[in-house]
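Heads up, the sequence shown is in my numbering, so the first residue is 50 and it goes up one at a time.
Don't take every hint at face value.
Quick list of the computed label-pair ranges, beta carbon to beta carbon [what the hints assert, rightly or not]: (1) TYR386 - GLU288: 54 to 62 Å; (2) LYS248 - ILE188: 29 to 37 Å; (3) ASP282 - GLU453: 40 to 48 Å; (4) ILE384 - ASP89: 51 to 59 Å; (5) GLU308 - LEU438: 46 to 54 Å; (6) ILE381 - GLN403: 29 to 37 Å; (7) ALA431 - ASP89: 29 to 37 Å.
These are computed hints drawn from the structure, not numbers from a lab. For glycine and all other residues, C-beta sits at the position ideal for the given N, C-alpha and C.
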Amino acid sequence: MQRKIIIIALSIILFISISIEAQTELQSSDREVVILSLDDFIQKVLETNYSLAIQRQSLAKTGASKLGAWSSFMPNASTRFSWSRSGEDRYNFDQSGFSVSRDYYSGGFSASQTLFAGGRNYFDLRNSMLSYRSAEESIDDKRAEIILSAKEAFYTAIGARQAEANAYRALERTRDQWALVAQRDTLGMADPTEVSQIKVSLAQTELALLQAINTRKKSEESLLVLLSHPLGDSVELREPPETKIELEPLDYYIALALEKSPLVRAAELSLKQARLSRLSSWGDYLPGVSSSFNYSWGGSEFPGSLSELDDEASWSVGISASWTLVSGTSRISSIKYANYDVREKEIRLAEARQSVEILIRDAYRRSTEAFARIGLAEARLADAKLNFLLFDEKYKLGNCTLLELLQAELTLREAEDEKISAEFDYQTAVAELIRWTGADENSE
């Protein structure tokens, strides 16, 4: 009876295991595997980013406003036609004589053209063009910001994968040490503290691996969020080739940033707009001149020919001028406001230049420091590997304690982590340097 119960229980457990495994395989097959290189990832992020899409729509609206600014240079023209019928006879007298009719037809055409408006129409057009260029700079700045965020997320995921691989190797080394201690303990050669020390070390290594796995999953989920993909999808990263650029002198990057940075260019365009507005405000003191043409026709009968249309028509052509002599303090106020606005934009431009220069200096220094750290980290890693192999061999021969071996193992882990950290800091610092110079290789 007991044997039957055991067999039934084992059968149930086996069935459940098979079902869970099949369900897991089915779920895994439904998941999309996203294979990404850095360039592909940046391109896809730019295509799916909502903020950038909003900026593009804003640019399109600004383009529509720029098109409307041309209307002040074009004539206004309109035409009209009407027909009416009254319940009683109408008596009309025109060039063709006296007539009686209940119908009345009329039509006309009018046109006007602004000849001079104190230059305001020209300044408005120039301002609309500058607004469009400013919107383009906003898009470039947003793209550079998104590219930097994408690079940081990608490099974080690469570093997390490397850290996970290091954690697996550390666990394998610790398990080898555990097997060696267990063997020595069986032979009565191990110190009692060695067993407890290796247990603690093994638990720490397993925890470090779990943390590395969770960090890697979290970094990959961040990539999927940027791509607007389901978080259950798998990510396969293609690591970019290791490239360490030879940095130019700091002054080169500062000059490049002051020339091409979207932040500086937007401030320069804003200053140009303020100066145009100041010039436009002086236009209120200048006269306005416009021309007009009017043609009208009216009669009790619809014209049968062009001659009849001409006989009963009237037209006029004229030029008018207007000049505001006194308008209170409004014109003085607008000029003062424009002067203050120009001064404010000049200060903002100086502030933008200073801010960009500070950012460039900071990114440049971090790039040079991180580059030096990479060389140091590689040397330390090589030394730590050699040191670990030495103590590992010594422990096998009984020439050192387990604590010394574990210390060598810890030093090796720290060296591996430091190399990953130095490479990440270098890559992100260079990415920031490129971002603030306005010369990103992925820009349109």
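Okay, the hints, checked on the actual structure:
1. TYR386 - GLU288: 54 to 62 Å: 56 Å, holds
2. LYS248 - ILE188: 29 to 37 Å: For ILE188 against LYS248, whose Cβ atoms are near 58 Å apart, the range 29 to 37 Å is violated.
3. ASP282 - GLU453: 40 to 48 Å: At roughly 46 Å between Cβ atoms, GLU453 and ASP282 fall inside 40 to 48 Å, so the hint holds.
4. ILE384 - ASP89: 51 to 59 Å: 54 Å, holds
5. GLU308 - LEU438: 46 to 54 Å: Holds: the Cβ-Cβ distance is about 53 Å, inside 46 to 54 Å.
6. ILE381 - GLN403: 29 to 37 Å: 34 Å, holds
7. ALA431 - ASP89: 29 to 37 Å: 34 Å, holds
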